[in-house]
Every structure is written in structure tokens, then in C-alpha cells.
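Engineer: Sequence:
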Amino acid sequence: MKKTVFALLAAGLLAAPVLAQTPFQNPEGVLHMGGAEANTRMTANLTDHLGTYFIYRKDSYQQELVYRDGSGVPEVHANWADHFIVTEGEATLVVGGTVVNPKETGPGETRGTAITGGKEYALTPGTNLTVPRGVPHWTVLKPGAHMRAVVFKLRD
Numbered sequence: 055m056k057k058t059v060f061a062l063l064a065a066g067l068l069a070a071p072v073l074a075q076t077p078f079q080n081p082e083g084v085l086h087m088g089g090a091e092a093n094t095r096m097t098a099n100l101t102d103h104l105g106t107y108f109i110y111r112k113d114s115y116q117q118e119l120v121y122r123d124g125s126g127v128p129e130v131h132a133n134w135a136d137h138f139i140v141t142e143g144e145a146t147l148v149v150g151g152t153v154v155n156p157k158e159t160g161p162g163e164t165r166g167t168a169i170t171g172g173k174e175y176a177l178t179p180g181t182n183l184t185v186p187r188g189v190p191h192w193t194v195l196k197p198g199a200h201m202r203a204v205v206f207k208l209r210d
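Positions 55 to 210 (our numbering) are the ones given, in order, by the sequence shown.
Hints are computed from structural coordinates only; laboratory data are not their basis. Hints are not guaranteed to be accurate.
As the list claims (entries may be wrong) - Heads up, simulated BS3-like pairs for lysine-lysine below, C-alpha to C-alpha not over 27 Å straight-line: (1) Lys112 x Lys157; (2) Lys196 x Lys207; (3) Lys112 x Lys196; (4) Lys173 x Lys157; (5) Lys207 x Lys173; (6) Lys196 x Lys157; (7) Lys173 x Lys112; (8) Lys173 x Lys196.
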């Protein structure tokens, strides 16, 4: 019995290096993107200080990479909650209050020129912040600043 257990252990130890060298097989749909590629994709369509790249887009969930090199405009999403995870740079997110000069820009989407009465939150690397659906929010950057983030959009 001891010889059998020893033989099994020895076989396992000899096989371990071979198994460790077996390459990982990505299941269908897995996306792996390094930092340089992510930065390139985010800035490829930079317009009005905003560059985005959607990693995943479904009816109830979206994930996008976001790059900003200037302030955005206030926005309200009637059906989507936004969850920000900041990876680089600094900005301020003004949340709540009232959108000034609101205009519907698409179904359930409102934009404006400013927010009055909102609360300011600092966005720095590592910050996680969730804005519920229907709540005004506005990303504001100081001149010369930039920010990179991953934004998860959840239909609520």
C-alpha cells in the first residue's frame, strides 16, 4: 500500500511541470487587453475631450473604457446606473442637483450645460463610485488634466 501511494505521489510530482507548461485555453468570448492596447483604443475616437471604447455591450449591461482630457457635459440616464472605477488621473464628479438647460439627446438620455446644487466627489486612481439611474452627474477636469476609467453601465 505504501509503495502504491508513493508511486502515485511520485507520478504526480513528475507530471506537475508538464501540466504547468500547458497553455491556458481562453473560453470563447474572453477578452484580454493590455494597458497599451486599452489606451490606444480609448483615444482612437477622441472627440470633445472624450474617448471611449466599449468592451462589452448587451441590453442590460455595458462595459466601456473611458479617457477624458477635459470636462464633459452634465448627463442623466433614465435607465442606466453608472459605476466608475478610476485607473489614472484626476477629476471631480458632480452628482445630484439640477441640470441647467436640460435637453433630451436620445431615448432616456438628457444633457445640459451645468449642474447646480450637486455634491462634488474626487476621482483619483482606485476610486469606485456608483451613480444610480436618474441622477445627474458631470465629470469636471482641471485644465491640462486627464482621467482614465472603466465604466460599468447597468440597466436599472
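Engineer: Each hint should be assessed against the structure and marked as holding or not.
Structural biologist: Do the hints match the structure? See the list:
| no. | hint | verdict |
| --- | --- | --- |
| 1 | Lys112 x Lys157 | 26 Å, holds |
| 2 | Lys196 x Lys207 | 25 Å, holds |
| 3 | Lys112 x Lys196 | 33 Å, violated |
| 4 | Lys173 x Lys157 | 21 Å, holds |
| 5 | Lys207 x Lys173 | 21 Å, holds |
| 6 | Lys196 x Lys157 | 25 Å, holds |
| 7 | Lys173 x Lys112 | 31 Å, violated |
| 8 | Lys173 x Lys196 | 17 Å, holds |
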